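Participant: Chain by chain, the residues run as shown.
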Amino acid sequence: MRRDLRWKTWLIFILVFCAFIYAIVPQYSQELRGIFFKGQDPIRKGLDLKGGIEVILAPDYRAEGRALIQVMNDLLKKIEGIGVAGPEAKLLGRADNNRYDGLLFTFRSAEDANRVLRAKVLEKRFNWRSGVESKELLLDVQIDQGNPRALQVYVKEDPANFPKEALYQAKVIISNRVNASGMAETDVRYDEKNGRIQVQLPGIKSQEEADRLIRSTGRLNFRLNERIVMFGSDLKNAVADFDTSQGAPVIHFEFGRVGAEQFADITSENVGKTLAMYLDEEKLMEPVINEPITGGKGRITLGRGTSLEQARNYAILMKSGALPISLRTVQMTQVAPTLGSEMIRQSLVAGIVGIILIILFMLIFYGLPGIMADLALVLYAILVLGTFALFRGVLTLPGVAGLLLSIGMAVDANIIIYERIKDEIRAGKRMRPALQGGFDRAFWTIVDANVTILIVAGVLIMFGTGPVKGFAGTLGIGILISMFSALVITRAFLELLIDRNPDQYLKLFKARGVK
Amino acid sequence: MMNLMKHRKVFIGLAVLLVVFSLAVWYTKGLNYGVDFEGGTNIRFPVERKVTSTEVRTVLEGERFDEMDLKLTSPQPYAYIDSQGNQRHGVLVHTRFLNNQEQKMAVSALEETFGQAGTEAGLDVYGVDPLIGEELLRNALKAVIIACLLILVYIAIRFEFLSGVAGLAALIHDVLLVIGIFALLQKEIDATFIAALLTIIGYSINDTIVIFDRIRENQRFRKKGQSFDEVVNLSILQTMRRSLNTSVTTVLAILVLYLLGSPSIKNFCLAMIIGLMAGTYSSVFVASPLWAVWKNLSEKKRS
Chain F
0 MRRDLRWKTW
10 LIFILVFCAF
20 IYAIVPQYSQ
30 ELRGIFFKGQ
40 DPIRKGLDLK
50 GGIEVILAPD
60 YRAEGRALIQ
70 VMNDLLKKIE
80 GIGVAGPEAK
90 LLGRADNNRY
100 DGLLFTFRSA
110 EDANRVLRAK
120 VLEKRFNWRS
130 GVESKELLLD
140 VQIDQGNPRA
150 LQVYVKEDPA
160 NFPKEALYQA
170 KVIISNRVNA
180 SGMAETDVRY
190 DEKNGRIQVQ
200 LPGIKSQEEA
210 DRLIRSTGRL
220 NFRLNERIVM
230 FGSDLKNAVA
240 DFDTSQGAPV
250 IHFEFGRVGA
260 EQFADITSEN
270 VGKTLAMYLD
280 EEKLMEPVIN
290 EPITGGKGRI
300 TLGRGTSLEQ
310 ARNYAILMKS
320 GALPISLRTV
330 QMTQVAPTLG
340 SEMIRQSLVA
350 GIVGIILIIL
360 FMLIFYGLPG
370 IMADLALVLY
380 AILVLGTFAL
390 FRGVLTLPGV
400 AGLLLSIGMA
410 VDANIIIYER
420 IKDEIRAGKR
430 MRPALQGGFD
440 RAFWTIVDAN
450 VTILIVAGVL
460 IMFGTGPVKG
470 FAGTLGIGIL
480 ISMFSALVIT
490 RAFLELLIDR
500 NPDQYLKLFK
510 ARGVK
Chain D
2 MMNLMKHRKV
12 FIGLAVLLVV
22 FSLAVWYTKG
32 LNYGVDFEGG
42 TNIRFPVERK
52 VTSTEVRTVL
62 EGERFDEMDL
72 KLTSPQPYAY
82 IDSQGNQRHG
92 VLVHTRFLNN
102 QEQKMAVSAL
112 EETFGQAGTE
122 AGLDVYGVDP
132 LIGEELLRNA
142 LKAVIIACLL
152 ILVYIAIRFE
162 FLSGVAGLAA
172 LIHDVLLVIG
182 IFALLQKEID
192 ATFIAALLTI
202 IGYSINDTIV
212 IFDRIRENQR
222 FRKKGQSFDE
232 VVNLSILQTM
242 RRSLNTSVTT
252 VLAILVLYLL
262 GSPSIKNFCL
272 AMIIGLMAGT
282 YSSVFVASPL
292 WAVWKNLSEK
302 KRS
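Chains as they are written, first to last, in the working numbering: chain F, 0 to 514; chain D, 2 to 304.
Source of the hints: derived by calculation from the structure; they are not laboratory data. Source: prediction; values computed, not measured. Built from N, CA and C at the ideal position, the CB exists for glycine as well. A hint or two may mislead.
As the list claims (entries may be wrong) - Chain F regions said to be covered by chain D (calculated; three or more residues, Cβ under 8 angstroms):
no.	segment
1	165-176
2	324-330
3	393-400
4	406-415
5	466-478
Said to hold, decoys possible - Taking lysine to any residue pairs in the SDA-like style, the calculated list, with each CA pair at most 25 angstroms apart, reads:
no.	chain 1	residue 1	chain 2	residue 2
6	F	204	D	224
7	D	224	D	5
8	F	204	D	114
9	D	143	F	475
With the sequences and hints as input, model every part of the structure.
Facilitator: Okay, here's the thing in structure tokens:
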């Protein structure tokens, strides 16, 4: 046997053996799983295969009802200013967390509506201020398609104005909270480009559970006379306790330096008044300020009727309210775990049947060399799984489709090579040079053809989202390894096959027209 | 030797006809955008027994939903046999994008009437804010266009500019045909459909490149007096077996996935099957003849 062929074959087998031990054996061995993957699955499964909840959060650009009413009054004044009779005004959309989509003005006539629209008194950007709050709203004014007398003023998301810093902080806080829950394989990501936070909670069973972790993501705020005077972003800690001397639960809280100063100012100036505590628009407590709290540390004594558990909940909500920004869900996927495992079974069956069909096809069309290609295909599958486990990729349903397609490409490369070898034999070459020539001539065809698919996969990874990305990832890995499989593994096997007495295999290639 | 190039007008004509047909269907019937692109919430609610669309509709149009205006489209009951051989039923409810509370209301209304769905039974919810939908569609379009341009550049570098243009024409044919058929059948267009389109682009260009590669090679050994038509004809015939074998194996693999796979992957497979067949046709009968036609024209101009 040629020496280079010998070490090449060894190398292939060692590689495949490693991939097998690394990615496949741990599926059945708890011990190896512990060593390689900290006890997790070698091939991580995506939400669609495993079940669970994924939520994508975005900054809530919509305005609170109380803010919108002030905006409404301002706008009404402007409308009056150009001499149009006062329209009927109301909040637009459905209350979600007390926030609305915008405003609806219904005028006396379509003409009035048009006049206001043309006069551009409802400006695109609207700055609104109240207490420590300020908002820069991006407004979109349009005529209601169902009623020409009405103008809809939508509050729009403003990508130029993403609160990047706050979003990043929010991501960190959510990720801490999710990690603290002790759930396995959770994932919290921040997509800076689009200003989104993606939270994956695999294995979670109900919406309520997910809610507890990520939905209580409000913004804690303190209000005097219904006006926000301070945000709770700098709250360091809040713990519930039972004060036996008073016979009631208490909450101890602590601010950071900035928060402590602010809080000291507010409490010194407003002794005796009620300082209401809100999470977004939801009222939590209404404690009365008994004395100035200057050191940043304070306590709230709750009423006698309050249970300790209730107090604990308040404390948790206060802490969870330390998010520097209000978020809302823009995309929600909930997959039942049973559905996930059903998918796995189905795609396994589909995959196995597909592979058997391909193996049969190669066998019938190319005989013994076809079996060599089939063997290369099996090794290819092991290598793909190994690579996948190595990169800790997440396998999703579209990912499975990507894998199947890359198997198709691996077969294609083999077909190209075999047809080339046949051509060479037809041209009168003997076995060894025909093999050599076939692979040489197929090389650039295969590279050119595969590079284009890699380009597509690359574009998908860059611009795709969720499912599309999973698909592109497996397709890309699959294509790279399929090239290796066809050009190196199949070749080594064929060379081994014909190593002794090559020309007796000429007829195996069934090249028609050979004289 | 068979002379395929003799019929090239028929081949290209057929492709043009298909493209025009697709555009016409697209224009008249429009596309059925899914939740991914239009925004909305899909609830797959499992039920014990068969239910009718009207039954479900009545539940979700009850009094308590009056204020909400769910924008409910006709609920679609579905049935499938799971991998353990049990018959299962469910109903797909499509509404506008629901926030958390609204979603809870809808699900519990369904539960009151049809029994606890529970997580074990396989409740499946997918909601996308219309805002995100626009974003996804924009990104998808960007991805398709960028992929096409990069492929054009790659072919122009590795082969020649005309090859790139001919290949791109074939790609446009494939993509439009798939879109046309999806418009005709009013199948849902979602994110995985875009993935299917991009894979089809990859595959089709792969087919085209294998033939162009042959043409490049045969051109090098071109005998005097051999026309471009003859070169192309020879190259097509030489690669025909590979083109057919590859298409058949790939279509087989996907057909299996289509027949055995879960409902969520069916559309993807359908798009792939149409696209692969269109891609094989266009590589052989559109891209290569087009290249020969253009090549002849530019040759004539020169002389």
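Participant: State for each hint whether it applies.
Facilitator: These are the hints, each one checked on the structure:
1. 165-176: violated (count 0)
2. 324-330: With 4 residues close enough to chain D, the hint holds.
3. 393-400: holds (count 3)
4. 406-415: n = 7 at 8 angstroms, threshold three: holds.
5. 466-478: Per the Cβ count (5), the hint holds.
6. F/204 <-> D/224: Judged against 25 angstroms, a Cα distance of about 71 angstroms means the pair is violated.
7. D/224 <-> D/5: Holds: residue 224 of chain D and residue 5 of chain D sit about 19 angstroms apart, inside 25 angstroms.
8. F/204 <-> D/114: holds (22 angstroms)
9. D/143 <-> F/475: Since the Cα atoms of residue 143 of chain D and residue 475 of chain F sit roughly 19 angstroms apart, the hinted pair holds (cutoff 25 angstroms).
Figure legend: structure checked against the earlier numbered hints; hints not met, in rising order: 1 and 6.
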